[in-house]
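Protein chains in written order, with our numbering: chain A, 1 to 346; chain B, 1 to 346; chain C, 1 to 346; chain D, 1 to 346.
Hint data in this document are derived by calculation from the structure and do not stem from the laboratory.
A hint or two may mislead.
[Said to hold, decoys possible] With a straight-line cut-off of 30 Å between C-alpha atoms, the simulated BS3-like cross-links for lysine-lysine are:
no., chain 1, residue 1, chain 2, residue 2
1, B, Lys253, D, Lys147
2, B, Lys138, D, Lys138
3, B, Lys24, C, Lys7
4, B, Lys20, C, Lys7
5, D, Lys138, B, Lys253
6, D, Lys253, C, Lys170
7, C, Lys138, A, Lys253
8, A, Lys7, D, Lys20
9, C, Lys24, B, Lys138
10, B, Lys24, C, Lys24
11, A, Lys7, D, Lys24
12, A, Lys123, A, Lys109
13, B, Lys238, A, Lys138
14, A, Lys24, D, Lys7
15, A, Lys109, A, Lys170
16, D, Lys138, A, Lys138
17, C, Lys138, B, Lys138
18, C, Lys209, B, Lys20
19, C, Lys24, A, Lys138
20, D, Lys20, A, Lys20
21, A, Lys170, B, Lys253
22, A, Lys209, B, Lys147
23, D, Lys253, B, Lys253
[To be verified] Here are a few chain B residues that face chain D, going by a calculated C-beta distance under 8 Å:
no., residue
24, Val240
25, Tyr241
26, His275
27, Ala277
28, Leu278
Positions of the beta carbon are idealized from the N, C-alpha and C atoms, including for glycine.
4 protein chains.
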Amino acid sequence: MMGTNRKTNIAVIGAGRIGKLHSKHLASLIAGAELTAIADIDLEAAQETAARFNIPTAVSDYLELLDDPDIEAIVICSPTNTHAQIIQEAAAAGKHIFCEKPIDHDLSKVDQALEAVEKEGVKLMVGFNRRFDPNFRKVRELITQGKIGVPHILHIISRDPAPPPMEYLKASGGIFLDMTVHDFDMARYLMASEVNEIYVVGAARVDPKIGEIGDLDTVIITLRFANGAIGTIDNNRKAVYGYDQRVEVFGSKGMVAANNPASDTHVYSNQEGIHSALPLYFFLERYSTSYIIEMREFIESVQNNTQPPVSGTDGRIPIVMGLAAKKSYQENRPVQLSEVDGSKTK
Amino acid sequence: MMGTNRKTNIAVIGAGRIGKLHSKHLASLIAGAELTAIADIDLEAAQETAARFNIPTAVSDYLELLDDPDIEAIVICSPTNTHAQIIQEAAAAGKHIFCEKPIDHDLSKVDQALEAVEKEGVKLMVGFNRRFDPNFRKVRELITQGKIGVPHILHIISRDPAPPPMEYLKASGGIFLDMTVHDFDMARYLMASEVNEIYVVGAARVDPKIGEIGDLDTVIITLRFANGAIGTIDNNRKAVYGYDQRVEVFGSKGMVAANNPASDTHVYSNQEGIHSALPLYFFLERYSTSYIIEMREFIESVQNNTQPPVSGTDGRIPIVMGLAAKKSYQENRPVQLSEVDGSKTK
Amino acid sequence: MMGTNRKTNIAVIGAGRIGKLHSKHLASLIAGAELTAIADIDLEAAQETAARFNIPTAVSDYLELLDDPDIEAIVICSPTNTHAQIIQEAAAAGKHIFCEKPIDHDLSKVDQALEAVEKEGVKLMVGFNRRFDPNFRKVRELITQGKIGVPHILHIISRDPAPPPMEYLKASGGIFLDMTVHDFDMARYLMASEVNEIYVVGAARVDPKIGEIGDLDTVIITLRFANGAIGTIDNNRKAVYGYDQRVEVFGSKGMVAANNPASDTHVYSNQEGIHSALPLYFFLERYSTSYIIEMREFIESVQNNTQPPVSGTDGRIPIVMGLAAKKSYQENRPVQLSEVDGSKTK
Amino acid sequence: MMGTNRKTNIAVIGAGRIGKLHSKHLASLIAGAELTAIADIDLEAAQETAARFNIPTAVSDYLELLDDPDIEAIVICSPTNTHAQIIQEAAAAGKHIFCEKPIDHDLSKVDQALEAVEKEGVKLMVGFNRRFDPNFRKVRELITQGKIGVPHILHIISRDPAPPPMEYLKASGGIFLDMTVHDFDMARYLMASEVNEIYVVGAARVDPKIGEIGDLDTVIITLRFANGAIGTIDNNRKAVYGYDQRVEVFGSKGMVAANNPASDTHVYSNQEGIHSALPLYFFLERYSTSYIIEMREFIESVQNNTQPPVSGTDGRIPIVMGLAAKKSYQENRPVQLSEVDGSKTK
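Take the sequences, apply the hints, and build the full model.
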């Protein structure tokens with residue numbers, strides 16, 4: 001297994017939707033990875049996924065995988081409330097870690113996890129897959145090249161085609177930690193600057209039941225960046241025309257935007273108008289490529305011993321932002337990130 | 001002049017850029033209007049415009065026109081600080097009034113003008129020309145038809161190609177009363193709901209001199225509507241790619257947007273990419289049609305004795321919004337419109 | 001009337017649809033023109049147009065206008081079969097001439113007219129208005145600047161929203177002389193090269209009655225240019241989605257195209273798809289600007305004593321092309337232009 | 001291997017570019033296929049591909065695979081001049097056959113191959129992958145649903161980003177059999193009607209060397225369909241802006257087109273214009289999905305014992321069309337398909 005074409009032995013923890021997706025990619029599309037095991041508390045689910053993607057080992061207890069000295073890296077796809085603990089255990093076992101977002105809804109648990117990672121010197125990458133979307137990458141690339149000059153204004157539109165089940169929502173941590181957390185990361189990624197202050201307006205307009213559990217489904221978040229730029233994030237849980245994921249950055253020398261990729265390129269003209277295809281339906285379709293690229297880059301960072309492209313801090317800050325957004329909504333006023341994070345925010 | 005094809009005798013006050021534009025339209029493109037006179041304190045300017053558009057009378061003192069019993073309606077294109085007074089004088093003289101925006105920066109003066117109009121029973125229309133832009137009209141039409149269901153979110157992008165001279169800016173009343181006032185009107189027009197609360201973030205990023213005079217050039221305004229919808233306005237004084245005037249309204253059943261009309265429809269493909277034309281350069285190009293339609297509809301409201309499509313109240317509320325925006329920026333907090341307008345807001 | 005701001009006295013012959021259009025433009029939008037008279041065999045029609053656009057003189061016999069020494073130029077908007085004769089008479093009277101297309105369906109009459117123009121030394125401009133469309137101008141501009149390198153392939157799509165009445169069609173000279181003649185001119189304009197050979201496939205598919213009178217409504221014309229490039233013209237009499245007028249030129253270094261300008265820029269997204277506005281309905285809407293520019297440039301050529309931008313030869317060659325297309329269709333074979341024009345084609 | 005989840009044992013013949021592509025798909029993305037062997041006259045190439053995609057067997061002589069009773073189907077990716085013979089041998093061995101296009105340049109060899117297939121009762125599918133492109137499928141779907149009414153006019157634009165090496169071109173059979181053959185198939189697929197007559201104009205304009213070997217690089221082919229519709233195909237070997245693959249079908253009730261999918265959805269606006277991404281570079285990128293779908297549908301037709309979606313006749317007719325195109329170019333006249341195919345064309 002050593003040598004120029006060395007493959008990294010990797011295991012997946014969690015055989016749910018996203019665990020299956022990463023398994024599929026690691027099994028066939030990531031040249032540098034050898035997917036050797038999968039764990040799920042539901043052993044049957046682990047076995048089924050193992051059979052489908054020719055994974056040699058399936059277990060119910062992930063600790064067995066952490067004990068396996070042949071496994072170099074793990075992919076954490078278990079429920080959010082287990083992430084922080086598994087990160088600590090995996091770090092203690094000397095495994096490199098890819099963890100689905102968010103690390104945890106509780107900042108102190110996040111910090112414990114990050115400390116363990118730092119102490120053990122393993123790599124941690126957080127699954128903010130949208131950074132690897134070729135459309136958003138191109139936007140960032142043009143900004144980095146100076147093509148728009150000094151960035152002044154950012155707009156992110158991020159709307160789901162339909163709300164998740166109420167059971168999911170109840171455990172989600174609220175729209176800011178579940179949904180906006182991706183956009184908070186995107187804001188930092190595109191602007192290459194931290195956010196200092198957040199102001200939120202919002203309501204439950206899609207479904208009153210969402211309001212009844214204290215959550216929102218329609219929000220606009222205003223951002224002030226450390227570099228003086230300003231921006232907005234627009235979230236909605238139900239865009240009937242499909243997954244709406246756009247960004248636009250305006251600067252002193254121009255503007256760059258990324259539009260929704262469409263299901264196909266057809267254009268139909270009749271006496272009613274000109275008609276074209278809807279956006280790709282939801283995140284599995286829209287971000288199919290980005291999931292592959294993120295895993296490839298994680299494997300590369302392990303193999304080349306380089307910094308993963310999304311760090312633990314990159315995983316932490318959007319949670320701080322989510323907490324600030326929550327506070328801003330509750331108090332209807334702009335909130336500084338330092339109010340929810342004290343001296344920790346960098 | 002009476003009869004089925006009766007023309008309305010009209011006079012223009014002010015022979016500056018916008019006065020010339022209205023004169024040109026009234027002289028040749030508005031079938032129901034007979035442009036009989038123009039006034040400008042600079043008599044030469046009045047005479048020059050009169051010669052160009054075959055206007056019979058040119059005077060320096062607009063009071064002469066108000067005294068002329070043959071003149072039925074006037075178009076006020078003089079400096080902003082004269083609007084309120086001329087409205088009162090014209091109303092007293094029984095003339096119907098078209099007044100360029102804004103009525104005044106001082107709410108009490110606006111109110112005096114509106115009271116005079118109401119008392120004398122003349123018509124007053126305020127020149128929010130963008131309401132007559134065919135693109136934005138189409139957006140409103142689809143909303144009114146219920147095509148997007150319940151409107152949830154509004155976004156207005158409104159950026160100028162280049163800032164005006166500092167002299168202009170100093171007298172402009174600030175970005176909210178000079179520039180955003182149009183977008184405040186657009187927000188009310190599209191959403192058919194009043195705004196209750198405004199929050200502003202902004203800076204002077206285009207030109208530090210704009211900051212030195214206490215003004216802003218880069219702002220995002222968050223709006224809460226009475227009907228529960230939310231929205232943003234994005235203003236900037238310098239979009240290097242030209243006049244950027246877009247709107248987008250998202251609702252429970254769909255979304256409708258209006259993009260920038262381009263200078264032409266060419267598409268050029270070379271090895272660098274696919275290239276197309278910039279937006280129409282500035283407001284005279286972009287809104288060329290809307291200026292004609294607004295004047296035609298003013299004349300029609302006079303001839304048919306109907307309510308003008310933009311009322312005095314429509315002229316007043318955006319000024320209230322501008323004052324609330326100013327206060328929000330100064331105090332960095334959301335501001336209720338009632339805070340700046342007391343019991344007057346409807 | 002002399003001096004730096006000299007206006008050119010001009011008269012319109014024919015008060016039909018296009019005569020009214022030119023009258024309107026000459027009366028108000030062409031600074032250098034003074035529209036002093038209009039003639040129509042139907043005096044009432046002439047008088048009505050005169051009243052509408054403040055034209056001092058209305059007569060039934062256009063010869064009166066040719067006799068008037070104050071009139072410098074005429075605009076021929078009478079039926080096609082009168083064009084050649086009026087051109088000769090106007091040339092003999094020393095008037096500069098703007099003539100609607102086509103000059104005549106009979107090449108010998110065209111040649112007599114052009115000879116008269118040459119002999120008398122007056123200016124003749126033929127009304128190929130599409131050359132003045134800003135979209136097509138931009139295409140030509142990029143080609144002329146070398147942006148696409150050597151042009152290889154041209155495609156012209158030119159479809160009407162609905163066929164004209166059968167009465168019109170019977171007198172139209174057939175689709176090639178009535179409709180394609182514009183596209184033949186566009187082909188020469190864009191490619192800056194003459195066509196040597198034409199091949200036609202076509203049928204009457206829109207309306208069998210069009211076939212019964214020996215005409216076609218659906219044709220594709222293949223062109224070989226003298227410079228080695230090749231191209232097609234696609235004509236149809238009924239595009240239910242509106243006036244479809246596009247061009248595309250492909251070359252060694254790139255491609256440039258012009259798409260249809262839409263009625264407005266709205267985009268509506270619902271669960272069925274993304275919907276936008278139809279093209280501007282027909283030629284009066286689509287080419288509204290081009291009609292103004294062509295007349296302005298005619299007046300300028302008269303005032304500056306320069307060559308009009310569309311010459312008599314430019315008016316003649318598309319007729320030769322139409323005759324070749326007709327022959328190609330009848331004989332189902334490629335036809336050289338020299339077959340229908342002998343030694344005359346340049 | 002039997003049962004509900006039965007997999008079809010399949011082997012690939014030829015380990016060149018397209019053989020590798022099919023191997024990759026069969027190895028990981030086609031659930032119903034078990035890729036058990038690969039053959040290439042260059043054993044090392046076969047072994048290398050086998051290693052890369054975990055294919056158990058690699059041989060140099062494909063006859064070994066035809067002798068293997070466990071192999072049910074083969075994929076022919078060898079050079080064109082071997083296709084017809086391998087088809088006959090595979091049919092004799094009772095294997096189902098997927099064959100890359102074209103079957104052969106010689107119609108009599110094609111016919112021998114098709115006869116063998118018919119006699120042995122095996123399935124044959126020809127690799128016209130573009131039929132499986134989601135964009136073109138959508139176009140066909142709308143036509144089949146009657147959304148454009150009666151189809152009148154077809155346009156196909158099909159341009160490569162760069163010409164292949166001269167060595168390839170010399171063995172290619174010429175542009176009509178190598179490149180246009182795909183577009184001939186697309187024409188039949190979209191219009192659901194056979195072509196009766198073909199007329200060609202063309203030249204070698206991209207590279208004079210292409211002309212020197214008697215080939216063309218710039219052609220326009222005019223088509224007459226049996227149902228009375230007409231159309232064009234535009235081919236060019238060098239579009240500097242990338243792979244240009246568009247179709248447009250115009251009918252009595254509307255038009256449907258498919259545009260080029262772009263590399264990404266970014267839009268960059270600066271003072272020069274509005275810029276967006278180029279089309280996906282070449283066929284491997286543009287048709288990545290269509291290659292997967294075609295193989296999946298082939299496997300399904302084998303497993304379900306249904307007619308493959310592209311038949312042997314579908315593979316044959318485009319060759320007839322290519323021969324007619326060649327003749328048309330040589331004789332500069334429209335050529336009936338029956339002229340090159342006698343009584344055989346269906």
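A quick look at each hint next to the structure:
Distance check on the hinted pair: Lys253/B and Lys147/D sit about 24 Å apart at the alpha-carbon level, within 30 Å; holds. With a CA separation close to 29 Å, the supplied pair Lys138/B and Lys138/D stays within the 30 Å bound. Between Lys24/B and Lys7/C, the direct Cα distance comes to roughly 19 Å. Compliance with the 30 Å bound is thereby established for this hinted pair. Between Lys20/B and Lys7/C the CA atoms are separated by roughly 22 Å; this keeps the pair inside 30 Å, and the hint holds.
Between the alpha carbons of Lys138/D and Lys253/B the distance comes to roughly 24 Å, so the proposed pair stays at or under 30 Å and holds. About 25 Å separates the Cα atoms of Lys253/D and Lys170/C, which keeps this hinted pair within 30 Å; it holds. For the hint linking Lys138/C to Lys253/A, the alpha-carbon distance of about 25 Å falls within 30 Å, and the restraint holds. As the CA atoms of Lys7/A and Lys20/D are separated by approximately 22 Å, the hinted pair is consistent with the 30 Å bound.
Of the pairs offered as hints, the one joining Lys24/C and Lys138/B holds, with about 28 Å between alpha carbons and a cut-off of 30 Å not exceeded. For a cut-off of 30 Å, the pair hint linking Lys24/B to Lys24/C stands: about 14 Å separates their Cα positions. This hinted pair checks out: Lys7/A and Lys24/D have alpha carbons roughly 19 Å apart, not beyond 30 Å. A distance of roughly 18 Å separates the Cα atoms of Lys123/A and Lys109/A; the hinted pair therefore holds under the 30 Å criterion.
A distance of roughly 24 Å separates the Cα atoms of Lys238/B and Lys138/A; the hinted pair therefore holds under the 30 Å criterion. Using a Cα cut-off of 30 Å, the hinted pair Lys24/A and Lys7/D holds, with the two alpha carbons roughly 19 Å apart. Pair hint Lys109/A plus Lys170/A holds up; C-alpha atoms about 20 Å apart against a cutoff of 30 Å. With a CA separation close to 28 Å, the supplied pair Lys138/D and Lys138/A stays within the 30 Å bound.
A hinted pair counts as satisfied when its Cα atoms are at most 30 Å apart, and Lys138/C with Lys138/B qualifies at roughly 28 Å. Restraint check for Lys209/C and Lys20/B: not satisfied, since their Cα atoms lie roughly 53 Å apart, outside the 30 Å limit. Distance check on the hinted pair: Lys24/C and Lys138/A sit about 50 Å apart at the alpha-carbon level, beyond 30 Å; violated. Of the supplied pair hints, the one linking Lys20/D and Lys20/A holds, its CA atoms being roughly 26 Å apart against a limit of 30 Å.
Pair hint Lys170/A plus Lys253/B holds up; C-alpha atoms about 25 Å apart against a cutoff of 30 Å. A distance of roughly 25 Å separates the Cα atoms of Lys209/A and Lys147/B; the hinted pair therefore holds under the 30 Å criterion. Distance hint between Lys253/D and Lys253/B is fulfilled; the C-alpha atoms sit about 27 Å from each other, no more than 30 Å. Interface restraint check: Val240/B against chain D, minimum CB-CB distance 5 Å, threshold 8 Å, status holds.
The beta carbon of Tyr241/B comes within 4 Å of a beta carbon in chain D, closer than 8 Å, and the hint placing it at the interface holds. This hint holds: His275/B has a C-beta 5 Å from the nearest C-beta of chain D, less than the 8 Å allowed. Taken as an interface hint, Ala277/B checks out: its beta carbon lies about 6 Å from the nearest beta carbon of chain D, inside 8 Å. Interface hint at Leu278/B: satisfied, since its Cβ lies 6 Å from the closest Cβ of chain D, which is below the 8 Å cut-off.
Hint compliance for this structure: hints 18, 19 are broken, all remaining hints hold.
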